[in-house]
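Undergrad: Got chain F; can you put chain C on it based on the hints?
Those protein sequences? They're chains F and C, same order as listed.
Sequential numbering of the first sequence, starting at 1, is according to our numbering.
Sequential numbering of the second sequence, starting at 113, is according to our numbering.
It should be emphasised that the hints constitute simulated quantities derived from the structure, not laboratory data.
Where a beta carbon is used, it is the ideal one built from N, C-alpha and C, also for glycine.
Fair warning: there could be bad hints in the mix.
[Said to hold, decoys possible] Label pairs and their calculated CB-CB ranges:
id : chain 1 : residue 1 : chain 2 : residue 2 : range
1  : F       : E72       : C       : E127      : 39 to 45 Å
2  : F       : A98       : C       : S151      : 26 to 32 Å
3  : C       : D178      : F       : S69       : 41 to 47 Å
4  : F       : N62       : C       : K138      : 21 to 27 Å
5  : C       : R162      : F       : N62       : 32 to 38 Å
6  : F       : D38       : C       : S124      : 40 to 46 Å
[Said to hold, decoys possible] On the chain F side, residues computed to face chain C include the following (Cβ under 7 Å):
id : residue
7  : F10
8  : M41
9  : G42
10 : L43
11 : L45
12 : Y48
13 : G51
14 : E100
15 : Q101
16 : P105
17 : G106
18 : L109
For reference, the chains in residue letters:
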Amino acid sequence: NAGVTQTPKFQVLKTGQSMTLQCAQDMNHEYMSWYRQDPGMGLRLIHYSVGAGITDQGEVPNGYNVSRSTTEDFPLRLLSAAPSQTSVYFCASRSDLAYEQYFGPGTRLTVT
Amino acid sequence: SQQGEEDPQALSIQEGENATMNCSYKTSINNLQWYRQNSGRGLVHLILIRSNEREKHSGRLRVTLDTSKKSSSLLITASRAADTASYFCATVTNDMRFGAGTRLTVKP
Numbered sequence: 001n002a003g004v005t006q007t008p009k010f011q012v013l014k015t016g017q018s019m020t021l022q023c024a025q026d027m028n029h030e031y032m033s034w035y036r037q038d039p040g041m042g043l044r045l046i047h048y049s050v051g052a053g054i055t056d057q058g059e060v061p062n063g064y065n066v067s068r069s070t071t072e073d074f075p076l077r078l079l080s081a082a083p084s085q086t087s088v089y090f091c092a093s094r095s096d097l098a099y100e101q102y103f104g105p106g107t108r109l110t111v112t
Numbered sequence: 113s114q115q116g117e118e119d120p121q122a123l124s125i126q127e128g129e130n131a132t133m134n135c136s137y138k139t140s141i142n143n144l145q146w147y148r149q150n151s152g153r154g155l156v157h158l159i160l161i162r163s164n165e166r167e168k169h170s171g172r173l174r175v176t177l178d179t180s181k182k183s184s185s186l187l188i189t190a191s192r193a194a195d196t197a198s199y200f201c202a203t204v205t206n207d208m209r210f211g212a213g214t215r216l217t218v219k220p
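In isolation and in its complexed conformation, chain F is listed as follows (with noise of 0.2 Å):
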């Protein structure tokens, strides 16, 4: 197995651009959650998926968008990058609330 992947691993993008951070996993876990990490901070809940068709908001969800038309994958959309949006993206996935979390290697996004 793959396990979860991201892509892409590093991503500029000048003020007002638009784009959308992929994330697949071939493990068949129905919950599926983006985290965004920033210097000397913990990771805060963006948007999380508990199957497919389903998405709830998480703890800083403005700005950003997502879908989950199937099981393996869970893309992440700015609207429209701010410089606050420069952080480290990491996407998740588990099989239940009641199992661990496995995490991709992160997109490092830069937004001048």
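TA: Only chain C this time, still in chain F's reference frame:
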């Protein structure tokens, strides 16, 4: 706001010593998990403790949970230089939320 808060923010010890990190949280939980992160890489799961459990062991790791005080602790015994990393607690309700972490440095 983040659910869990780790204490201390940073901890520096000598190899062979024990390291204790604490986590406090605010609401009722399904379970609490500890993760480790090396240098900005993805997080790796260490141990999970359910809300009806009080203590759990895994190798050199010991986790306790006190739901009445809404707190947990992670003990790493006989630390090694390779244990140098950031450690995060994560609380699970309908989702999973993380604290700001404890940065552990183990000196050889």
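Undergrad: All hints, please: hold or fail.
TA: Tested hints:
no. : hint                        : result
1   : F:E72 to C:E127: 39 to 45 Å : holds (43 Å)
2   : F:A98 to C:S151: 26 to 32 Å : holds (30 Å)
3   : C:D178 to F:S69: 41 to 47 Å : holds (42 Å)
4   : F:N62 to C:K138: 21 to 27 Å : holds (22 Å)
5   : C:R162 to F:N62: 32 to 38 Å : holds (33 Å)
6   : F:D38 to C:S124: 40 to 46 Å : violated (23 Å)
7   : F10                         : violated (12 Å)
8   : M41                         : holds (6 Å)
9   : G42                         : holds (4 Å)
10  : L43                         : holds (4 Å)
11  : L45                         : holds (6 Å)
12  : Y48                         : holds (5 Å)
13  : G51                         : violated (13 Å)
14  : E100                        : holds (4 Å)
15  : Q101                        : holds (6 Å)
16  : P105                        : holds (5 Å)
17  : G106                        : holds (6 Å)
18  : L109                        : violated (13 Å)
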